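Asker: One letter stands for each residue in the lines below.
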Amino acid sequence: MSEEREKILEIKDVCMDFKQKRHKVVHAVNHVSLDIYKGENFGLVGESGCGKTTLGRTCIRLYDPTSGQIIFDGHDISGKLTKDTRKFLTSHMAMIFQDPIASLDPRMTVQEIIAEGLHNQGYKDKAQIDSMVKEMLNKVGLLPEHATRYPHEFSGGQRQRIGIARALVLKPEFIIADEPVSALDASIQAQVINLLMDMKEEFGLTIMFIAHNLAVVKYFSDRIGVMYYGTLVELADADDLYVHPLHPYTKALLSAIPEPDPLSERRKTKLYYDKSMHDYSKEKPSLQEVVPGHFVYCSDSEKEAYLKELDS
Amino acid sequence: MTFYEDNKELYDSIPAEKFQLVQNNEDIHDAAFRTKPIGFFKDVWLRFIRNKASVIGGIIILIIMVFAAIGPSMNSYTYTEQHTDLANMPPKVPWIAKLNLGIMDGHYTLTKRQYDNIKDTSKYPEGCILKLKNPRIINGVKIVDVVVDYYKYKGLDDSQCYWLGSDYLGRDIWTRLWKGTRISLFIALFSVLCNVIIGVIYGSICGYYGGAVDMVLQRIMEIINAFPRIVVLTLFIMVAGTGMFSLIMAMVIKGWIPIARMIRSQFYRFKGHEYVLASRTMGTNDQKLIFRHILPNSIGPVITQAMMAVPTTIFSESFLAYIGLGLQAPNSSIGVMLSTGQKVLMQYPTQVLYPAIIISLLMICFNLFGDGLRDAFDPTQRGVS
Amino acid sequence: MDNDTILSVQDLAVSFRTYSGKVQAVRGVSFDLKKGETLAIVGESGSGKSVTTKAIMGLLAKNATIESGKILFDDHDLVKYKEKDFCKLRGKDISLVFQDPLSALNPIMKIGKQITETLVLREGLSRREAKKKAIELMEMVGIPDPETRYNEYPFQFSGGMRQRIVIAIALASNARILICDEPTTALDVTIQAKILDQIKQIKRDRQLSVIFITHDLGVVANMADRICIMYAGRIVEVGTADEIFYHPAHPYTWALLSSVPDLETKERLMAIPGTPPNMVAPPEGDAFAERNKYALAIDFEQAPPYFRLSDTHYAATWLLHPKAPKVEMPDVLKARIARMRQKAGLDNE
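Protein chains in written order, with this note's numbering: chain A, 1 to 312; chain B, 1001 to 1385; chain C, 2001 to 2349.
Calculated from the structure, these hints are not laboratory results.
Note that this is a predicted model, so its numbers are computed, not measured.
Just so you know, not all the hints are guaranteed correct.
To be verified - EDC-like cross-link-like pairs, simulated, lysine to aspartate or glutamate; straight-line CA separation at most 20 Å: (1) B:K1288 - A:E112; (2) C:K2203 - A:D237; (3) C:K2022 - A:D64; (4) B:K1008 - C:E2152; (5) C:K2266 - A:D237; (6) B:K1271 - A:D239; (7) B:K1018 - C:E2083; (8) C:K2343 - A:D240; (9) C:K2266 - A:E153; (10) A:K21 - B:D1286; (11) C:K2200 - A:D240; (12) A:K171 - A:E265; (13) C:K2334 - A:D13; (14) C:K2266 - A:D99; (15) B:K1271 - A:D99; (16) A:K200 - C:E2267; (17) B:K1098 - B:E1081; (18) C:K2266 - A:E201; (19) C:K2326 - B:D1214; (20) A:K83 - B:D1120; (21) B:K1018 - C:D2145; (22) A:K268 - C:D2188; (23) C:K2343 - A:D239; (24) C:K2034 - C:D2077; (25) A:K275 - C:D2074; (26) C:K2334 - A:E259; (27) C:K2092 - C:D2074; (28) C:K2343 - A:E265; (29) B:K1098 - B:E1126.
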């Protein structure tokens, strides 16, 4: 069914290795393939160090992928970038960062921060830039007079909204939101999530939402990919993943989420995941489509077991 | 804790119209700030002035600089003017002498004088004797130590005096001291400025590009760092002669290395920061990233380190002058004065005292000032109280 | 102070001197901690929850002053304690687990040494006894192969393991109160789940009283027997976990509950507009009024008293006054609570 939808980003067998001292290599992203369709919210979830942030940063070319191919809107953006491709990439893809303090330059005013992208894209008319910045500030719920202020004067939620304004000022089609709410207080998270929802509606965005909190990802996303140590272990529609999690790691993740409901918390049994429960000595695992639209990283015999599990 | 039940009557007496929803349908917006915007440097300034010690340090540095600028022209002497007949005069400031504090009144103790000659005005001019000390009899002769106003003893009147005394060639120490401070400060500030410029450029390149570029540049730096400074200085003196140029070159040849190292590590730190990454995702070029984002944020510690380097440089200059590799006569610098004063330390301690006070003050104040600057520039303190 | 109460905080007010003025971080907080219960203090950053516990431990920063109030522990008023007295108290009677396990451990000291240090110093055990007890403790907090790990350094441990060590150190002496200041905020959910289980287990075994500080409502639901909701230096609502989650009465609690999604949320989240007030000049009246959709005129003039909802449930909001209009909690929240009750097999009332 999803074949007919237009793909905006195709990640094909991407690896991202980091060389460390003494010739150690860390495989932060290990042969990940996935497609993101136009207009959807794609959630990427996993624990710290699982490579989800690296994958996001590789997509926007903060890192150069070790191998594999990334196709964005028909342009191959994985190799060496030509000037035109880079310009296309920077104006059509944007990123929202995790840390609302570290992601804004403390020496620049809000106006300068938001306008930077416009300057880079060659906007010259000062009045036009000003009005675009004011409009953006207004959209994220800040006042025009906030433009002359420095980031440290704002609260965490406000700073994150400035980050969103910066990402959106170039009117991109695709946004990578890297843990945009995890550094915020619970009460402020909703502000930012709602804002992202509104902006998506208004600008027709496609959003790749990276987070470790499955509840937030589940709320926000249409489809979810679960990563574990650099590998994509499960990929499914959000509701499907929640109702029928197949990979044991996904199940552990789901059971570990504390929910604001004391009664169900008290009777919840927690599942723990141990990598050694898989026996991959005979069959090599790969990402397989167990039922249409629901991919699991498993071996053939595991696939059989998962199918049985779904039937029962 | 106040409970409704505890004071029911009072709470019930509140009129009913107070209990109305007042912003049910309003969109509640972010409040505008009531305070004025505080820019980065204003914020730094606000935090700096809270540190009393560094403010005092800064003020003292400023005073010394002002004197270094105007001091030499405050009296009629020039720094090269010699009066060999008035060598090693003690310090005298007329109005302080009048206060009878026993300082700066031109006093000098002549030891082992015959008591009988005291009244002899040809030996001791009218009114020059301030005090007699230690009367004793040696070989049947009555001997005393005579504290005299040395200026009157030499037959000078109040109009001519050396405020801080004169040196072995009869040059005014006041004039030479401030002239020397001026030169020392100039050498220090200028060489530190050169160090900062070279260090920042070199370190930025190392830190921003990293990898092979960094590798090569680092090795070059290590080689330069291995030259002994005295040897370099001697070579410069051979080529360019003694003087300021050689001295400054001696300071600069290795002085930029710590700054370059610091900038390099700052760059390594900041180039992975989220705001730099964010800027990169929006297509900002290298040049803008370096000068707009990374450098302004890493300059704080550099300013501090440069401030700390100033007294060290003054001290090295003094050291070089002291061992005879510094400025040559008739030029003056703090180091030159210390080294000439040291030769007569036992007889005329004031000749060392004043340059020593100035160099100590400069060292302490620049350190305090640099400390304050470091705290003020500390990014983690930003916006904190 | 009745027999069940182990710690009682009464009308505590703490302020900080800063150069923009006096920040009134805590403005009259009162609560009792009963034996063997877990009391959760919930609030956003800057609500004064950490300051309150720091006051209990005598760990306030130098520019802080306790303006008024009492902290009664064993009939002693901790407000009057000197640093020397606190040294005896900390670790022995009251233990603290910080948010960041890395900064709480000495990086150049072996793990075993760090645990036994307290045992040797406080309990007067010999080295050998202390080691035995330390290994027991490490086992208790779920560290596999404690004998080997005893001789390792903090950097050899993962974040979750380190937090367990911190908990082991906190439990090394037989403290009666354990204060956990966001102990799992920096950790991954699966590790968080393990640590929370561990704390619960130990609490049961040892009859510990726990003060649990967090802003994560899910964690609160998991851990707490009773809950204090703090906003702008005051407790706005206090009640048992069920009362707070299923019968919240204060608009701030409503907003807080409806602003976090659970796994079944589909509706638009209720965001709390605006930002918390500046505590240098806290607003007169109810501090939450400015951001509150249900604010009454009186909210801007006079701070509300606590209205009693049950023996254990109090809320400070004028909405509970007999003259106030009847306002119901937001529909989103109502729907969610109904859903939760259904899931739990309870009938709708």
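Asker: When you check the alpha-carbon spacing of K1018 of chain B and D2145 of chain C, does it fall within 20 Å?
Answerer: With a Cα-Cα distance of about 66 Å, the restraint between K1018 of chain B and D2145 of chain C is violated, given a limit of 20 Å.
Asker: Below or equal to 20 Å on CA atoms is what counts here, so check K2343 of chain C against E265 of chain A.
Answerer: With Cα atoms ~11 Å apart, K2343 of chain C and E265 of chain A stay inside 20 Å; holds.
Asker: Can the restraint linking K1271 of chain B and D99 of chain A be considered satisfied, given a maximum Cα separation of 20 Å?
Answerer: Holds. K1271 of chain B to D99 of chain A sits at ~15 Å (cutoff 20 Å).
Asker: Between K1018 of chain B and E2083 of chain C, does the CA-CA distance stay at or below 20 Å?
Answerer: violated, 48 Å
Asker: Is the straight-line distance between the alpha-carbon of K200 of chain A and that of E2267 of chain C 20 Å or less?
Answerer: holds, 16 Å
Asker: Going straight from one Cα to the other, do K2200 of chain C and D240 of chain A come out at no more than 20 Å?
Answerer: The given pair, whose Cα atoms are some 32 Å apart, is violated under the 20 Å limit.
Asker: For a C-alpha distance cap of 20 Å, please report whether K1008 of chain B and E2152 of chain C respect it.
Answerer: Given that 20 Å is the threshold and the Cα spacing comes to 62 Å, the pair is violated.
Asker: If you draw a straight line from the CA of K268 of chain A to the CA of D2188 of chain C, is it 20 Å or shorter?
Answerer: holds, 18 Å
Asker: Given the proposed pairing of K171 of chain A with E265 of chain A, does the C-alpha separation stay at or below 20 Å?
Answerer: violated, 42 Å
Asker: CA of K21 of chain A to CA of D1286 of chain B, is that 20 Å or under?
Answerer: Between K21 of chain A and D1286 of chain B the Cα gap is close to 26 Å, so the pair fails against 20 Å, i.e. violated.
Asker: Is K1271 of chain B within 20 Å of D239 of chain A, Cα to Cα?
Answerer: Not OK: K1271 of chain B and D239 of chain A at ~40 Å, beyond 20 Å, violated.
Asker: Holds or violated: are the alpha carbons of K2266 of chain C and E201 of chain A at most 20 Å from each other?
Answerer: holds, 16 Å
When the structure is compared with the earlier hints, violations turn up for hints 2, 3, 4, 6, 7, 9, 10, 11, 12, 13, 14, 17, 19, 20, 21 and 25 and for no others.
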